[in-house]
Amino acid sequence: EVLEVCLRHEIHAVNDIAGLADERYARAVADSGLPVFAMASFKEPGDAVGLAATREALTAVVNRCARLEIDEYVLDPAVGRWVPERTSEDDWELCRNFGSFSAFGRPVLAAISRKTFIGDLLGRAPEDRLAGTLALTMMLVTAGAAMVRSHDVGETADLLRVYEKMRQA
Numbered sequence: 002e003v004l005e006v007c008l009r010h011e012i013h014a015v016n017d018i019a020g021l022a023d024e025r026y027a028r029a030v031a032d033s034g035l036p037v038f039a040m041a042s043f044k045e046p047g048d049a050v051g052l053a054a055t056r057e058a059l060t061a062v063v064n065r066c067a068r069l070e071i072d073e074y075v076l077d078p079a080v081g082r083w084v085p086e087r088t089s090e091d092d093w094e095l096c097r098n099f100g101s102f103s104a105f106g107r108p109v110l111a112a113i114s115r116k117t118f119i120g121d122l123l124g125r126a127p128e129d130r131l132a133g134t135l136a137l138t139m140m141l142v143t144a145g146a147a148m149v150r151s152h153d154v155g156e157t158a159d160l161l162r163v164y165e166k167m168r169q170a
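The numbers in my numbering rise by one with no breaks, and the one at position 147 of the sequence shown is 148.
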């Protein structure tokens, strides 16, 4: 219902934290023709805990998109404390293996800005996690992240401009 209301307005993409698992929702997304950000999920948002489960959930997303003929989509590995059983180490494992998600042949989103696992490592509140967020963003972009979600847009844009300049050098 929320998606149907949103589609009446000028939106440019759909962010689905359920990995297109809801058939009615997935069909509405497909019919919209809009690009979709699809998170690794089974039954609850972000419930794919660990690398193997994340790969399995992303495989399901890729298969759903193929079946629904959704051509424009970005994979979101669901890094973050979405469910209680996920630990900081689970998130670090996903980040260390981020490059492996490029095997799906789709753009991958790095959505790690100010996340709890960064705070757990640094012992900092969300608003004080910029340095950790930028360091990890750099690593994930180097590993193949095609897009970055950020709370600190200016600082992240500066980081990416410097990164691109160095790649040209």
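None of these hints come from the bench; they were simulated from the model. These numbers come from a predicted model, not from an experiment. Don't take every hint at face value.
[What the hints assert, rightly or not] Label pairs and their computed distance ranges (CB to CB):
no. : residue 1 : residue 2 : range
1   : A132      : R9        : 40 to 46 Å
2   : D72       : W93       : 31 to 37 Å
3   : E11       : S103      : 29 to 35 Å
4   : S89       : P36       : 27 to 33 Å
5   : D121      : E156      : 34 to 40 Å
6   : D121      : R9        : 37 to 43 Å
7   : D159      : K44       : 19 to 25 Å
C-beta atoms are modelled at their ideal positions from N, C-alpha and C, and glycine is treated no differently.
Hint-by-hint comparison with the structure:
1. A132 / R9: 40 to 46 Å: Given range 40 to 46 Å: holds, Cβ gap about 41 Å.
2. D72 / W93: 31 to 37 Å: Between D72 and W93, where Cβ atoms are some 33 Å apart, the hint holds.
3. E11 / S103: 29 to 35 Å: Roughly 32 Å apart at Cβ, these two residues keep to the hinted range, so it holds.
4. S89 / P36: 27 to 33 Å: At roughly 31 Å between Cβ atoms, P36 and S89 fall inside 27 to 33 Å, so the hint holds.
5. D121 / E156: 34 to 40 Å: 21 Å, violated
6. D121 / R9: 37 to 43 Å: Distance hint for D121, R9 holds at roughly 41 Å.
7. D159 / K44: 19 to 25 Å: Since the Cβ atoms of D159 and K44 sit about 39 Å apart, the hinted range of 19 to 25 Å is violated.
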